[in-house]
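Novice: Below, each chain spelled out in residue letters.
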Amino acid sequence: MGQITLENVTKSFGDTDVIPPLNLTIEDGEFCVFVGPSGCGKSTLLRLIAGLEDLTSGTIRIDDQDASQVPPAKRGLAMVFQSYALYPHMSVRKNIAFPMRMANIPQDEQNRRIEAAAKALNLTDYLDRRPGQLSGGQRQRVAIGRAIVREPAAFLFDEPLSNLDAALRVGMRLEISELHERLKTTMIYVTHDQVEAMTMADKIVVLRAGHIEQVGSPLELYRQPNNRFVAGFIGSPKMNFVTGAEAEKLGADSIGVRPEHIDIADDGPWRGTVGIAEHLGSDTFLHVHDTGLADTLTVRAKGEVGLRHGDPVTLAPQESQVHRFDAAGARLG
Amino acid sequence: MATQQSRSAARLMMAPAVVLLLGWMLIPLTMTLWFSFRRYLPLRGGDLGWTGFDNYVRFFTSSAFWPSVQTTLILVGGVLVITVVLGILLALLLDQPMWGQGAVRVLVIAPFFVMPTVSALVWKNMFMDPVNGLFSHLWRAVGAEPVAFLSDVPLGSLIVIISWQWLPFATLILLTAVQSLDNEQMEAAEMDGASVLSRFRHLVLPHLSRAITIVILIQTIFLLSIFAEIFVTTGGAFDTRTLTYLIYQRVLESQNVGLGSAGGVYAIILANIVAIFLMRIVGKNLDR
Amino acid sequence: MARAVTPKQKAINTGLAWTIGLLIFFPILWTILTSFKTEAEAIASPPVFLNFSWTLENYAIVQERSDYLRFLWNSVIIAGGSTILGVIIAVPAAWSMAFVPSRRTKDILLWMLSTKMLPAVGVLYPIYLIFIQLGLLDSRIGLVVILMLINLPIIVWMLYTYFREIPGEILEAARMDGAGLREEILYVLTPMAVPGIASTVLLSFILAWNEAFWTLNLTAANAAPLTAFIASYSSPEGLFYAKLSAASTMAIAPILILGWFSQKQLVRGLTFGAVK
Numbered sequence: 001m002g003q004i005t006l007e008n009v010t011k012s013f014g015d016t017d018v019i020p021p022l023n024l025t026i027e028d029g030e031f032c033v034f035v036g037p038s039g040c041g042k043s044t045l046l047r048l049i050a051g052l053e054d055l056t057s058g059t060i061r062i063d064d065q066d067a068s069q070v071p072p073a074k075r076g077l078a079m080v081f082q083s084y085a086l087y088p089h090m091s092v093r094k095n096i097a098f099p100m101r102m103a104n105i106p107q108d109e110q111n112r113r114i115e116a117a118a119k120a121l122n123l124t125d126y127l128d129r130r131p132g133q134l135s136g137g138q139r140q141r142v143a144i145g146r147a148i149v150r151e152p153a154a155f156l157f158d159e160p161l162s163n164l165d166a167a168l169r170v171g172m173r174l175e176i177s178e179l180h181e182r183l184k185t186t187m188i189y190v191t192h193d194q195v196e197a198m199t200m201a202d203k204i205v206v207l208r209a210g211h212i213e214q215v216g217s218p219l220e221l222y223r224q225p226n227n228r229f230v231a232g233f234i235g236s237p238k239m240n241f242v243t244g245a246e247a248e249k250l251g252a253d254s255i256g257v258r259p260e261h262i263d264i265a266d267d268g269p270w271r272g273t274v275g276i277a278e279h280l281g282s283d284t285f286l287h288v289h290d291t292g293l294a295d296t297l298t299v300r301a302k303g304e305v306g307l308r309h310g311d312p313v314t315l316a317p318q319e320s321q322v323h324r325f326d327a328a329g330a331r332l333g
Numbered sequence: 001m002a003t004q005q006s007r008s009a010a011r012l013m014m015a016p017a018v019v020l021l022l023g024w025m026l027i028p029l030t031m032t033l034w035f036s037f038r039r040y041l042p043l044r045g046g047d048l049g050w051t052g053f054d055n056y057v058r059f060f061t062s063s064a065f066w067p068s069v070q071t072t073l074i075l076v077g078g079v080l081v082i083t084v085v086l087g088i089l090l091a092l093l094l095d096q097p098m099w100g101q102g103a104v105r106v107l108v109i110a111p112f113f114v115m116p117t118v119s120a121l122v123w124k125n126m127f128m129d130p131v132n133g134l135f136s137h138l139w140r141a142v143g144a145e146p147v148a149f150l151s152d153v154p155l156g157s158l159i160v161i162i163s164w165q166w167l168p169f170a171t172l173i174l175l176t177a178v179q180s181l182d183n184e185q186m187e188a189a190e191m192d193g194a195s196v197l198s199r200f201r202h203l204v205l206p207h208l209s210r211a212i213t214i215v216i217l218i219q220t221i222f223l224l225s226i227f228a229e230i231f232v233t234t235g236g237a238f239d240t241r242t243l244t245y246l247i248y249q250r251v252l253e254s255q256n257v258g259l260g261s262a263g264g265v266y267a268i269i270l271a272n273i274v275a276i277f278l279m280r281i282v283g284k285n286l287d288r
Numbered sequence: 001m002a003r004a005v006t007p008k009q010k011a012i013n014t015g016l017a018w019t020i021g022l023l024i025f026f027p028i029l030w031t032i033l034t035s036f037k038t039e040a041e042a043i044a045s046p047p048v049f050l051n052f053s054w055t056l057e058n059y060a061i062v063q064e065r066s067d068y069l070r071f072l073w074n075s076v077i078i079a080g081g082s083t084i085l086g087v088i089i090a091v092p093a094a095w096s097m098a099f100v101p102s103r104r105t106k107d108i109l110l111w112m113l114s115t116k117m118l119p120a121v122g123v124l125y126p127i128y129l130i131f132i133q134l135g136l137l138d139s140r141i142g143l144v145v146i147l148m149l150i151n152l153p154i155i156v157w158m159l160y161t162y163f164r165e166i167p168g169e170i171l172e173a174a175r176m177d178g179a180g181l182r183e184e185i186l187y188v189l190t191p192m193a194v195p196g197i198a199s200t201v202l203l204s205f206i207l208a209w210n211e212a213f214w215t216l217n218l219t220a221a222n223a224a225p226l227t228a229f230i231a232s233y234s235s236p237e238g239l240f241y242a243k244l245s246a247a248s249t250m251a252i253a254p255i256l257i258l259g260w261f262s263q264k265q266l267v268r269g270l271t272f273g274a275v276k
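Protein chains in written order, with our numbering: chain A, 1 to 333; chain B, 1 to 288; chain C, 1 to 276.
Calculated directly from the structure, the hints in this document are not laboratory data. Heads up, some of the hints might be wrong.
[To be verified] Below, in silico cross-link-like pairs of lysine to aspartate or glutamate (EDC-like), each with a Cα-Cα straight-line distance of 16 Å or less:
1. A:Lys74 - C:Glu64
2. A:Lys74 - A:Asp54
3. C:Lys10 - B:Glu145
4. A:Lys184 - A:Glu220
5. A:Lys184 - A:Asp54
6. A:Lys238 - A:Glu278
7. A:Lys94 - C:Glu183
8. A:Lys119 - A:Asp28
9. B:Lys284 - C:Asp107
10. A:Lys302 - A:Asp326
[As the list claims (entries may be wrong)] Example chain B residues on the side facing chain C (calculated, C-beta under 8 Å, incomplete):
11. Arg7
12. Met31
13. Leu48
14. Trp50
15. Leu90
16. Pro97
17. Ile247
18. Gln249
Backbone N, C-alpha and C define an ideal beta-carbon position, used for all residues, glycine too.
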């Protein structure tokens, strides 16, 4: 079991409110991602759940038990840190065993769990090494192994992949997703990378300045962003925003179109000049200037497109995919 | 990461150190201040009552005061110049590739670990003695008249002894700083056609400036209270009476505690002026 | 910034550095050599370098005449005691400042540092008086306390810089893993902090061993450590070079060896972490 409920949770450091009153429920077995720009309070929120920070006010319930005053060790949660936080003076085996040792789990049970975790995480050959002798990816796996063996009510991940290089990150992303499929344990995952959020989450919580901007499944956020902030944050490359006459025509203060929802069409209403064209093979990203709409419009065209720097281009937004926002940035319609 | 519980535990754990140092600072300091305003001669009548600023004026206007300030300045200044200049050169040399680098480092650092009384005595007797000292042998070997270093050039001799003790310290710290110099930066400057000298002047020296400042400040604080070296070589004779030594003589030798305490207050103020600069640098470093 | 050079340049560097190194080391070397000479050889003109009849008699005479071992024992007790006491007091303080920093932490650290800058001579008489009152004059316990106090800021600082390098996340991980404060300190913090504590102990011991203001002014016959023992050679016994050298060699040898182990940590300890 691992349902986590936050009720009117607030956190202030001195005079600054990091988290204004916040309510959120994370269902048992859910993979929930907190995403937002740095300084949005997502890590603080995770640390509040972990018990590493005191609540200023409000209640945190784990499986309907008030856990607000429970010390971190007693909450039954496991955490994977950004820096991995492995104990450098202990072997991999001892690192993984540490939480069980603290919980006085019998030695043979400890060994059984260690072997199982090591097998699942491909660490069997490294059990007697020190963390310093491992690569980044391996260290990350040890940290996950240390979390798994506790059989926690929920896993907390604090930007676990940000210290890995790009290729490894993709691999570990898949491994964590697979782990979730296998264990079906609640996972709360903090990241600033919207790609991680989109690919892994059952539920994404978008945060800005401690506020929840929107909660929903990845595709809900993609299709129906509540406001300009979410619209701009979810999706890559970023959504194009257009203000002025073109927006007013649609009765909005600003409109947003994702790069993949702009077609190159000879009869399109928008004209411009191709700046940089990024040819990826599967897609071509065009950065279009001089449209009179925005500084740059990013266009994602399927496959290989023969346009080059300086070529004129006409563009057509897919009308059904145009998002409209009011002056405050909230979604219209 | 702090929770309420860990914060109160932290305060409790800091308490012994804070309380002890507070006592160590406040109790003697208050007493020194108290004595400095009193006429206090332990062997000649004891505590003879308040005298206002009399001690301060007397200490300041005594014939020994200005010479002692001058001696202090020459001593501290001389040692600083020698250790910093030689320290930079030595640090740059030790940073170069060579065989047996570790061993040379060990040789260079050794004097720092020699206790002050030993180094003062060894220099005084075995090197600077006008009859049997090694230097007098050397002088005679080249046909010169041996010099009685500690009575003819007492202050210069002391500067040599103390510089020998502190050169390792300066070298070690400057070497650490030199080693953190960015190699690519130096190569870029070389590509840009900068000569060895201009690289030293425009890259190395600015890079070292912080370390140099720290060496100067820390050494100044230690050098201002140099005691044992004077105590066992000249005993304060022959114009080697520094401010510290003068105060020591007033307090323990002539047992004029009031006068000595007033001098002590001057010394504390002097040390604090240097300390403020040092603390600024160290404090800035803490913010990172 | 070390970089590749030609073998010729490397040879020049080596020659130059060794010459200067030996020159700087020479007074120590000369002292050690002289300690094995007879008094006559010690003042021979021209001086003899290696071709003398090596003898250990000076060491025997020094011990016999002045009970060297008693001074050595005092030095060990005073330096060791002040170091142990200082570390016991400093570890919790540095721990809390490094891991539970508050707004005042920086001020407290700088203030501790400032007590180190207090010129000893400025408080000589008050301490002298307090020692007389408490019967601590010429006692080892008195010096243990004084030397602990003057080195405490350095010990706290050094430990603080070491502790600060231990990532806070590791301690949080331990807390998440179910470790209480006791287990956290015992199983995680202490093993990680041991190397730093060891270097701190070493530096504190060296500084206390060589301290020569309080040890000279607050001791007489009973508690005098090696600094005072050597100072007693000031005259006229100082003219017996071989014995002076033997006594000096014995006084500096232990610390010279310890010092060579601690040269890297020395920089950190003496610059309060300002130069790395």
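Novice: State for each hint whether it applies.
Specialist: Hints versus structure:
1. A:Lys74 - C:Glu64: violated, 66 Å
2. A:Lys74 - A:Asp54: With Cα atoms ~15 Å apart, Lys74 of chain A and Asp54 of chain A stay inside 16 Å; holds.
3. C:Lys10 - B:Glu145: violated, 40 Å
4. A:Lys184 - A:Glu220: At roughly 22 Å apart (the allowed maximum being 16 Å), Glu220 of chain A and Lys184 of chain A break the hint.
5. A:Lys184 - A:Asp54: violated, 29 Å
6. A:Lys238 - A:Glu278: holds, 15 Å
7. A:Lys94 - C:Glu183: Holds, at roughly 15 Å.
8. A:Lys119 - A:Asp28: violated, 26 Å
9. B:Lys284 - C:Asp107: holds, 12 Å
10. A:Lys302 - A:Asp326: violated, 31 Å
11. Arg7: holds, 6 Å
12. Met31: holds, 4 Å
13. Leu48: violated, 16 Å
14. Trp50: Where the cut-off is 8 Å and the nearest Cβ of chain C is about 17 Å from Trp50 of chain B, the hint is violated.
15. Leu90: holds, 7 Å
16. Pro97: This interface hint holds because 5 Å falls under the 8 Å limit.
17. Ile247: holds, 5 Å
18. Gln249: Status violated, d = 10 Å.
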